[in-house]
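Chains A and B are the protein sequences, given in the same order.
Going by this note's numbering, the final residue of the first sequence carries number 400, and the count climbs one at a time with no gaps.
Going by this note's numbering, the final residue of the second sequence carries number 1547, and the count climbs one at a time with no gaps.
Calculated directly from the structure, the hints in this document are not laboratory data.
Please note: incorrect hints may appear among the correct ones.
As the list claims (entries may be wrong) - With a cut-off of at most 25 Å between alpha-carbon atoms, the simulated DSS-like pairs for lysine-lysine come out as follows:
no., chain 1, residue 1, chain 2, residue 2
1, A, 292, B, 1369
2, A, 304, B, 1348
3, B, 1084, A, 32
4, B, 1345, B, 1287
Unchecked claim - Label-pair restraints from in silico Cβ distances:
no., chain 1, residue 1, chain 2, residue 2, range
5, A, 20, B, 1072, 31 to 39 Å
6, A, 87, B, 1415, 39 to 47 Å
7, A, 280, B, 1310, 19 to 27 Å
8, B, 1288, A, 232, 42 to 50 Å
9, B, 1363, A, 29, 21 to 29 Å
Unchecked claim - Partial list, derived from the structure: chain A residues whose beta carbon lies under 7 Å from chain B:
no., residue
10, 36
11, 38
12, 286
13, 305
14, 308
15, 309
Glycine residues also receive a C-beta, built at the ideal position from the N, C-alpha and C atoms.
Here is what each chain is made of, one letter per residue.
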Amino acid sequence: MTTLLYLAAALVACFLLGWVMRFAGQSLTGNKPFFRDMPMAVAFGYVLGAAVLLFTLWYYFQPTVDENGVPVAGVMFFRWAVQFFVISALAAWLFRLLGRSVGTDGSRKLFRSMPLTASFGILIILIYAFVAIFAGAIAPYGQAEVFQQVNALPGGDAATGGNPDHLLGTDQIGRDLLSRLIYGAQNTVGIAFATTLIAFLLGGSLGFLAATLQGWLDQVLSRGVDVLMAIPSLIFALLLMTIASAWAGSEKWLLTVYMVLIIALIDSTRVYRLARAVGLNIVVMDYIEAAKLRGEGLPYLIFKEILPNAYAPLLAEFGLRFCFVFLTIASLSFLGVGIQPPLADWGTMVRDLAQFINFAAFSPLTAALPLLAAGAIALLTVAVNFVVDWMLHKSSGLKE
Amino acid sequence: MSPLLTIKNLVLEGRSDETWTQIVNGVDLTLNKGEVLGLIGESGAGKSTVGLAAMGFTRDGVRIKEGEVEFDGIDLVNASASVKRNLLGKRIAYVAQSAAASFNPAHKLIDQHTEAPVQHGVMSRHESEKDGIELYRKLRLPNPDEIGFRYPHQVSGGQLQRAMTAMAMSCRPDLIIFDEPTTALDVTTQIEVLASIREIVEEFDTAAIYITHDLAVVAQMADRIKVLLKGDEVEEADTRTMLSNPQEEYTKSLWAVREFKRPQKPAVASTATPVISVQNVTAAYGKVDVLNDVSFDIHEGRTVAVVGESGSGKSTTARCITGLLPPRIGQIELDGEPLPLDYRKRNKHQLRQVQMIYQMADTALNPRKTIGEIIGRPVQFYMGLRGSDRRRRVDQLLEQIELEPDQYRNRLPSELSGGQKQRIGIARALAAEPKFIICDEVTSALDQLVAEGILRLLAKLQDDLQLSYMFITHDLATVRSIADEVVVMKDGVVVEQGPKTEMFKPPHHAYTDLLLSSVPEMDPDWLTNLLAERGVDNIGAAAVDKM
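Chain B on its own, in the form it takes in the complex:
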C-alpha cells in the first residue's frame, strides 16, 4: 500500500529583511493511512511550517523552494489553486492552536461546522447539522444537541478545541494536522481534549500529524515521533523506541529536561518571622468574591508554589500581595509589619521588597526602551545610582542573569529571544534588590529547554541572594522541580497546603489528586491506563464539576 502522504527533501524559505533565508532544510516524511505522526521541537524548529506545507500551503512570506509533497498521488507543490481548494477542508483538515482565535466570533459553531461539507458538496446543510451533533456527542461535549447553536464566546476553551476537532472531522478527511491543540489549556482540560481526539482519530481511521512541544502529550497521541531542530530532522522512530532509547544528543537533552529537581529545603523554625504572610485575605472584583479566606506564609529563601486551574485565584492572590487589588478583608505582612493594602500608599522601601516577574515577557518589557534603560530605571529609582555607577550595576545584573553585557546593553526587547526576554524580566526584579519575588507563570510561554534554564537560574539566584519566591503555575512538573511548599487553590479557596514532599505523596485532597493524575507522563500507556482506571466520565472538567 502506498503511503497517504509523502514529503521528500522539503526545503522552505522565509522572507525577512528583504532576503530569503532557509528555514526548513530538507525534511522527509511519510505517513500511512490511519497513522499518527508526532512532530516535536522547540519554537522556531519549523514544525508548524512543515505541518502547513503538508497541506501544500505556506504562510505569507514563506515559500517552498524545492522538494515534493505528495498526498494520495497528488503533487501538492505544483497543484493548481482549484485542485487544492477541492482537497483542503475535504480530505485534509487543520486544527489550530488557539481555537478561540480561529473560530469566527460572529457565527454560531454549527454554522461554521456545516460550511465545509456544504461547500464541498459532501452533505446537505441538514445532514451536516445532524452529523455535527453526532460528532459533538462522540467528542463528549456537554449538551451535544444544543451546544452547536452557541457562539464561540459562550463555550469554554477546552470545549471550543473539541468543537474545532469536530469541525475538522466534518468531511471525514483522510488527514488532519493538529497544531498544538492543547498547549493553551489547563491540565484537567487538556486531558479531556486528548482523550477525545485520540478516540475519534481511531474511530474514523484518520491519519494525523500532531505538532507539539510537549513530549508527554505526544507520547500519548502518536504512533511515530519525528524530532525537528532548527529546520533539520534530528531523528525519527516509533514512539516506544524513541522514548526508551533516543539516539541523538539533542533528543536525549529534551528527554532529560524533566529531570531537574531541587532537593527540598528543611522546614523553617516555627518561631521565624515569614517574609510575606498572607492572612485571611478575601478579595472581590466588584461585588463577587474571587478569593475567600486565603492564608499562607512564605519564609526567607523558600519557594512557595501556588497551583490551580485558570480562574482559581492564583493571579488574584498575587494582585492582593502587590497591592493592585486591595483585599476586602485580611492583611498582608512583610517581615512581620503589615503592608498598606493599596500599593499607592506603600513607601519606596515596601515597594522595593516585593517584585514581580510576568508570564508574557513581550508585554512586560517596554518595546521602545533598551535593555540598559529597562534594568537601569529601578537601579536609579531605588538605589539612586547614576551615570557610570548605574551602568556598572546594570552590567553586573546582566552578568547575574547570564547575558553578556556588551552585547545586550543597547538592544531592544524585540531583538531578544523569548527566554532572554524573561531573563531581562528577572534582572529588572533583581535590580530593586528585593526580598520577595512573585513569579507569575514565568515559564509557561517558553520551550521546555529554555524554561528549564530559567528555573535553574531562579534556583541559583535564590541560593546566592536568599530570595523568597511565590511561584504561580499550573504546571506540576515545574512545581516538582522548584517548590519547597505547595499551595493548591480552587475557586478562590486554598484546598490543601504543605511541604512538597508531602503533597506529592498520597493521601491527597480529591482535587489535588485530580490535578496530579492529569499531568501527562512520558509513558505511552499513561492515558490508556488512566482512562481504564478512572473511567471516561471521571477525568477533566467533568470530574471537577462533580466535586
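For reference, chain A alone in the conformation it holds in the complex:
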C-alpha cells in the first residue's frame, strides 16, 4: 500500500516539476513556440523520462554484493544488460563505419543511409550465419560430448565453481555449453530458415494465385485455410508431430524433416492470408488490367507484375514469421517433440537448464545458464526485425 502511495506521490511530483519546467522555459526563452505550445502531457513526459534515466544511472552504480556477501542478481544483470547495450551500439557503429569505407559504390551508399539499428541487425545476422556455417570448426568440443564436471559455472573462474576448459560452463549432464550454443545456431537457425522459406513458397504462391484467379479456387483455398487456422497452432503441431513420430519410427532425421514440413504448412496459412490480401489490392490496378489485355499468362502476371509490388509487406512478414517459426521450434523442442537429442537446440537447452533460474537469489552466475540460450534466441529475433524494419522503410518511404 505504501509503495503505491509513494508511486502516486512521485507521479504527482513529476507533473508539478513538468509544469515548473514549462513555465521556466516560457519565461527564460521569451515564449519560444517550443515551450509555448507544449502540452502539459509532453512536459510531464520529459520530466518522467529524466527521472527514469536518473534512476537507472543510480541503480547501475549500486554495489553487486550486499553486506552479507550475497551477490545481488538484479544489479548484476542490469549492469550486464547496459554493458551489452553499449558494446552492441559501439560495434554497430564501427561496423557501419567499416561498411561506409570498404566495398563497392553501391554497398557504401547503402551503409551511408543506414540507421544504427539496421547495421546492428546485419552485424548480428552475419555473426550468426558465420557461426552456423562453421560450427564444426569453431566449437571447442562436439555437441554430444559429455565431460566429468556437471553444472560448471560460466566465466571459467575455478574459485566460484567454474572450469577454465569450459568458458560458458557445462550443463546438467556435463556437456560444454559454448559448443552446444554454437551447434544450436546451426540446427535451430538453419531449420527455422528452411521452414520459413517453404512456408512462404507455399503460402505466397497459393495466395497470389487465389487473388489473381478468384472464383471457386479462391473459395476452396481460403476456406481450407480457415479450417487450418481454426485449430490452435501449437496443439495442432503437437498432434501432427505425434503422428509423424509414429511414421518416422527410429529414423530421427526423418522426424526433423516432418517437423519442418508441419510447421511450414501451419505457418503458410498466415502467409497465404497476407499474400491474398495484398494481391487483391494489386490486381485491381490498371497496370494489371493492361497486362491482362495484352494477353499475358498467369506466371508473368504473378511474378513480374504482382510480386514486385508485394515485396514490402511480404518481407515484413518474413521477418516476423521467421521469429515465430523459430519460437515454435523452440517450444516443440522444449516440449520434447522437436529437434531430438543429442542434437543441440536452443529451445531444448532452455528447457533443460530452466530450473537454475531459481538460484538467481544466491548465485546469479548459475541463473545465467538458461539465459544464454534464451538470449541467443532473443538477440536473433531482435536483429532480424531491425533489418526488416529498415528494408520496409527504405522500400516504402523514400520514393513516395
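We have chain A; now place chain B onto it with these hints.
Chain B alone, transformed into the frame defined by chain A:
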C-alpha cells in the same frame, strides 16, 4: 478600412530528402472583407500551400521560413496554438477538394456540421442544428430538413461538396478558403455547386480565397485573380482586366490553352469498313443493364469522343470493346470481323489492335518497373524483339512521345511528372502498333497546359500513324479540340451522335444542350447570365432529373 488578411513576403519551405527547399518564394496578398480572391496556377505552383498558410497552418514537412500573415490584426505566424484554435473553424474555415475524403464516414452530416459551433461556443447544439438545416436550404440541397441526418456515403458528390460549404459557414466565418471545391465534379454538378457557393458567400459577405486551376471557374467566382507559377507570383489584377488584358507571357499561355482546335476531317465514304464497330451492345453488371443498345462506328484515322456524366456508361462501353465485360447482347467488329466478346478468347493479333490509355497514369504504370521495361514488354510480347532490337524500338517510341531516351529509359514511374507518366502510357499503347486506341479520360487528371501538350501529341500521332481514337471524356473543351465525331451518352443510352461541327450547333437534344450550357466560359458574366436565362432550378442535376 484595414484589410481582413494581409500576407507579406511569405516564404515557405518544404522538406524532401532530408533537406529544406523553398517552395513558395515571397508571395504578397491582401484580402478585404467580403472580397473573393482567385488563386490559380498549375499543380506544384504552391496555391494550396499558400491557401493553408493564410490560416497560419502548414502541412507536415512544410514550414514558414519568413514573412507575415496577419488576419484582422492577429499575427498568425507567431500566434500560439490556443489562439489559432480559437480562430480556425470559427473565423477562418476551409473547404477541401474532396468532400468525400474530408467528411468522417462514421458520423452523420449534421453531427459534423454542429461540431464547430458547439466547440467554439457560438451556438448550442440545437440552434446549430436548426441553422444547419437553414443553410442546407439556402444551398438548395434536396430535402434540407432530412439530408443532414444521412451519412456521407448516402449523398452524391455535388451534394457533399455543398454540405461541406454549409459546414464551413456554420460559425459565419470572416474568411473561407476553397481549395479546388469543384475539380472532381461533373460539369452539370459543378455548376450547381458554383452557383450555391457564390450566392452564400455574397449573402453573408464572407471573404474567400478560391483556389483552382480552372480559369473559367475562377472567372465566375473571383473579384480579383492572382496567378502563381512555381511558388512565384506572376501577376494579379481584378478579374475583368486579367481576362481581357493579361500582361505576362505565362498568363497569356494559360489563356491560350483553350485555343487548340483541330479542323474537322471530312466524312468517310459510307462504304468504308470501320476499324471498330459497336453493334447494338447491351451489357450488364450482375442483373442490372448498364448499357442499352449502344451502336457507333469508328473509322480509320478518326477520333470519336464519347461524352456524358459519370455513370452514363462511357467507361463500360470501353470495357465491352476491350472484352473485359462481355456484352449480354450485340457484338464488336474489328475491321469488319467480329471480335470474340471475352478478351481471353481473343488472339494476340486481335488483342494488339485494341489498346488502352488510362485516366490515372499513377495506377496504370507498374511502380516497380523502369520505363524501358514498361514500354519494352509489349514490344517483346507482340513483335518478338529482344536485346538491342528491343532497346532501339523503345528509344524510338520514347522519341515519338517527345521524351529523351537516354534520360528516361532507366527511370521509375515515380520519378516522372504527371504529364510524362501519361506520355509513357501512350508509348506503351503505341508499342503494340495498334489500329485503335481507347483514351479513357486521359487528360482529366492533368493541368491545362500539360493536358494540351498530351492532346497535341495524340493529334500528331494520329496524323503520322493513321490511328483511330475513342476518346472518353466529360470535358467538352477537350471534345471541341480533338474530336471528329461525338457520341453523347446518358444512363447507358446514346442520346445523340454525329460529326463535331453539327453537334456544337443547335438544335440539340435537351441533354446535349444542358451539357453544353454547363461548361464554364471565360466570360465573368457567364454564370450570372446563365442563371438569369435558365432559372436557378433549371441547372445541374435538378435539370437532369427533370428529363
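Hint check results:
A C-alpha spacing of about 17 Å is found between residue 292/A and residue 1369/B, which places the hinted pair at or below 25 Å, so the restraint holds. For the proposed pair residue 304/A and residue 1348/B, the alpha carbon gap of about 20 Å is at most 25 Å, so the pair holds. Straight-line distance between C-alpha atoms of residue 1084/B and residue 32/A comes to about 16 Å, which keeps the hinted pair within the 25 Å bound. Distance hint between residue 1345/B and residue 1287/B is fulfilled; the C-alpha atoms sit about 23 Å from each other, no more than 25 Å.
Evaluation of the 31 to 39 Å hint for residue 20/A and residue 1072/B yields a pass: the beta carbon distance comes to about 35 Å. Roughly 42 Å separates the CB atoms of residue 87/A and residue 1415/B, a value that falls within the hinted 39 to 47 Å. Taking 19 to 27 Å as the suggested C-beta distance range, the pair residue 280/A and residue 1310/B conforms, at roughly 25 Å. For residue 1288/B and residue 232/A, the Cβ-Cβ distance of about 45 Å falls inside the hinted range of 42 to 50 Å, so the restraint holds.
Under the hint 21 to 29 Å, the C-beta atoms of residue 1363/B and residue 29/A, about 48 Å apart, miss the expected range. About 5 Å separates the beta-carbon of residue 36/A from the nearest beta-carbon of chain B, less than 7 Å, and the hint is met. Because the beta carbon of residue 38/A sits about 9 Å from the nearest beta carbon in chain B, more than 7 Å, this interface hint is broken. The interface hint given for residue 286/A holds, since its Cβ lies 4 Å from the closest Cβ of chain B, which is under the 7 Å cut-off.
Look at residue 305/A: its Cβ gets to within about 6 Å of chain B, closer than 7 Å, so that hint holds up. A cut of 7 Å between beta carbons decides the hint on residue 308/A: the least distance to chain B is about 4 Å, and the hint holds. Contact between residue 309/A and chain B, as hinted, is supported at the beta carbon level, the nearest pair being about 6 Å apart and thus within 7 Å.
When held up to the earlier numbered hints, the structure conflicts with 9 and 11 and fits the remainder.
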